[in-house]
Structure formats: C-alpha cells, structure tokens
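Number of protein chains: 2
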Amino acid sequence: MSRIGVFDSGVGGLTVLKSLAENFPQHDFIYLADTARLPYGTKSSSTIASYLKRNVEFLKSFQVEGVIVACNTASTVLIQSDLNFDLPVFNVIEPGAEAALQASQNKKIGVLGTRATVLSQAYVKALKNIDPTVEVHQMAAPLLVPLVEEGWVEDPLTSMVVYRYTQPLLDAGVDTLILGCTHYPVLKSSFQRVAASKAQLVDSPLALRKNVHGRFPELSKTSEGEKGMIRIYCTDLTPHLEQLINYLISPLSSQPIQKVDI
Amino acid sequence: MSRIGVFDSGVGGLTVLKSLAENFPQHDFIYLADTARLPYGTKSSSTIASYLKRNVEFLKSFQVEGVIVACNTASTVLIQSDLNFDLPVFNVIEPGAEAALQASQNKKIGVLGTRATVLSQAYVKALKNIDPTVEVHQMAAPLLVPLVEEGWVEDPLTSMVVYRYTQPLLDAGVDTLILGCTHYPVLKSSFQRVAASKAQLVDSPLALRKNVHGRFPELSKTSEGEKGMIRIYCTDLTPHLEQLINYLISPLSSQPIQKVDI
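Protein sequences appear in the order of chains F and A.
Position 117 of the first sequence, counted from 1, bears residue number 117 in the numbering used here, the numbering being contiguous throughout.
Position 185 of the second sequence, counted from 1, bears residue number 185 in the numbering used here, the numbering being contiguous throughout.
Chain F extracted, bound-state conformation (with noise of 0.2 Å):
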C-alpha cells in the first residue's frame, strides 16, 4: 500500500485528490488545505517557497510516499526552485501541458487560469520548454473559483460565463485547452457544453493521475482487498469549508476534517 499526500492553498486541489482515490482505493490519501494562509497567488516566491517546505514536512510526518502540489502557485515556485525534498514532489503545471501537447494537433493550445496564474505565464513557459513552436492563448477568468466555491455548479448562469471566457479562446482556433486551475474539473459538464466539440479537454487531476501512476505502479485500481482511508486537515476551518469539502470530494468521504496550527 501507498500513502500519498496532497496540498493546495484551498480546496481546488480535492479534484485531484478525488481523482486518485477512486482511482486508487486501497491506497491511503492525505490532504493539506492551507486556508490560514490563502490566497498564494498574490505572495512573494520567497514566501510561498517558506509554505511550501512546511506543507511538505507536514505530510511527510504521515509517512506519504509522494507528495502532489495541487495549487497551481507553489508549483510554479516549486519548478522554479532548486527546492530538494527526499520523496517525489509533483507539481500540477508541467503534467498538464505534457498532456495538452500529446493531445493538440494542431499545436494551438488555450490556457484558463487564475489571474495570477496567467500573469507568471506558468502554462506557456512549461508548453514552450516541451515544443517551442507551440502558439498558446491564455484567459484569465477570475470568476470560476468563486462559483464552485458557491456550488453553483450545476447551473445555467455558470455555464454562460464559462462560456464568455472561453469562447475568445476556440475563436483563437485552439483544439486544445488546459483547465489550468485545481478548481475547473468541477465545472467539467459546464465546459463540455461550451467546448467539447471544438476542443479537447486537458484536466489537472487526469494528467496528474497518469504522471502519479508511473511513478508508482504499484498503485493499482483493483478495488479489491482493503480500502485504503482520507484524511484532510486545514489550517482554517470554518462550517462552509467543511460543506464545500464534503460536496467537493463526494461520493467520497473522509476521515473528520481536522483543523490543524502548523
């Protein structure tokens, strides 16, 4: 059995973490959300550097194989460092443009992210590192975290500001687009609707998934034998968050969410 740990600044990262434990049940999964300290998108690298060797020790103290940084601005410092840790560390970027590449045929690639996302060009610098020819359209669309966080998820308003920032992108022709936050994959259906026709889809918790997997193939998806539990800790807690986590990650359940002062 393996045990992985995951961390975001928030809750966007349980997309993932959901993702690997269906995928994965015998294995254990324990998720840091760092809610004290969000938003990371508006600190120093210094800084989120500082929180993103805490975050780590933090699971590492769980006897994790691996750790996954499922929050879009640590793993933007996290490449840009010279950061060693003892255990593997994914970050969220590069798996997600390897697979948008091996998807796009026409190599136009668009990219929806956070403002702060879009602004430290990311998502370009990794495409760009794989295939410098590559043209990449960004959009920032600031308003899709609010909405999931609203749970309004299933919901025709949604649906059309999905729409209004993404339509600039396929009318750009990409046949590619990354969902370039830990957020998106709840609005998947929303993003069908709009895009699925004219693009493929790239999601943060598949190309983890397949990144996670081939580090460790042990990991199997056999749901035989025992299950493995979810464990989920934050550095704030308050009774939406705990709401927003539980609907986030179901049919899932966790262990009771804990509060944690790290």
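FYI, nobody ran anything at the bench for these hints, they're computed from the structure.
Any given hint could turn out to be false.
Note that identical chains are pooled: a pair holds if it fits in a single copy or bridges any two copies.
Stated by the list, open to error - Taking lysine-lysine and the DSSO-like style, the derived pairs with C-alpha atoms no more than 27 Å apart in a straight line are:
#1 259 x 227
#2 198 x 128
#3 43 x 53
Dock chain A against the given chain F, drawing on the hints supplied.
Just chain A now, kept in the frame of chain F:
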C-alpha cells in the same frame, strides 16, 4: 480646507472616496488600499487591529483630520476594540445601520455582504444595538466582489446574480436593503432594477458622507475656489489593479497611483 484619509483592504472603499470627493471637491483625499494583505476577512482580530493602527498612522503622516475605515472587517474590529486615536476615525458599519433604521417603515431590514461580514453579524449587532426589535435578514453574496473586480458592471449576467442574492430577502418582506460591502454601490443600477420598487437601498458612501459632514461641517459642497486632490497608495500594485482603480473612480482622477511599502 480639510484633508481626509480613507483606507480599505482593497479597492471597494473607492466608492466612499469617490462619493466624498464628488461632494466636497475643494478638499484633499488620501486613499490607502492594503492590497498586499488582503483579504482581511479571513484573518484574526489581533492581526486586523495591528493593520488598522498601521494604516491610520500612515494616513496621519499626511496631516489628515479624520480617517474613514472603509472596510467591513477592519470596521468590525474597530467597533469591538478599545483602540483610541487622536483624530476622528469613522467605521463603515454603524452609519449604514443608522441610515437603514431611519429609512425602514416595517423594521425588517435585509443585509447583503461578503461571507465574512455575514458571519461576523456586524450589521445585525449594530442594528439591534440601536433598535432591539428590528428583524434582520442576511444574505452572503460572495460573487459580487469578483464581478466588480472583473469589471462586469453593466452586464445582464451580473443583474442575474444580484437578483438571485436579493430575491430571498425581498421574499422575507424587508423594505430596506443594506448594501453591506463597499464594492456593492458600483452595482447600484443592477440593485435598482432588481429591488428599487420593493425596498430602499442604503449604501455606505451615502451613509458615511452624512456622518463625516456632521463631524466636519466645514466640508462644503461648493465647487468654487481651488480644487483639492486625490492621492492613492497601494501596498501592492499590478497593472490590472491600476486599471481597476482608475475605472472605479472615473470620472474623477487621482495623482499617479503609488506603491508604498508599509
């Protein structure tokens, strides 16, 4: 001539600044957006109190004669604290509560605010402190701030979101609606379309303007004589933020916006 200081964690308080500067054009206004530390709503009272002291000190260095705390979270901390300043410091909650009680006939008052403001019960306490018999209905409206910050102001989609948040309060029979966040007056035309025939709208800029004028009767509305100036400082500044600030204060304009490290 008077010189007044205004601060907020972000740009919302610019609605207060704009309203004051439009009405008292001969006077100087200094605005501080503590954008490096936003959001305040998720931080502890002691941390907010230290921000509050530092921000007031910064504004005092411009020889202001009064400071307006145009931020709900900092106002709540100010009301509950025993902080003493050697100049008048106005909070944004109590003037709104007073104005709403004056406006309401049936003493059923609705409050729209961020999730943090609603959870803090700041308006409920301020209203009940003046009239314990008042019936208060609250609604957290977390999408409205991102909609303003995205600039989707005169937009049918925004009106739909405003409708969804406001209708349950109108259904509960409120005849007065407090727009309990300094961002919301930017959406006033949407609120008027949705609610104006059923409820009176009370916003912070109007309520504060009356209070400030009561304290500083020398503030005069005459536009004769030399015009005052507006100076805006931000603890963190991005091109998007600069654009947003200019949009929110137009048709007024400020001295070049400056980043300040405090």
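Under the constraints set out in the numbered hints, which ones does this structure not fulfil? none
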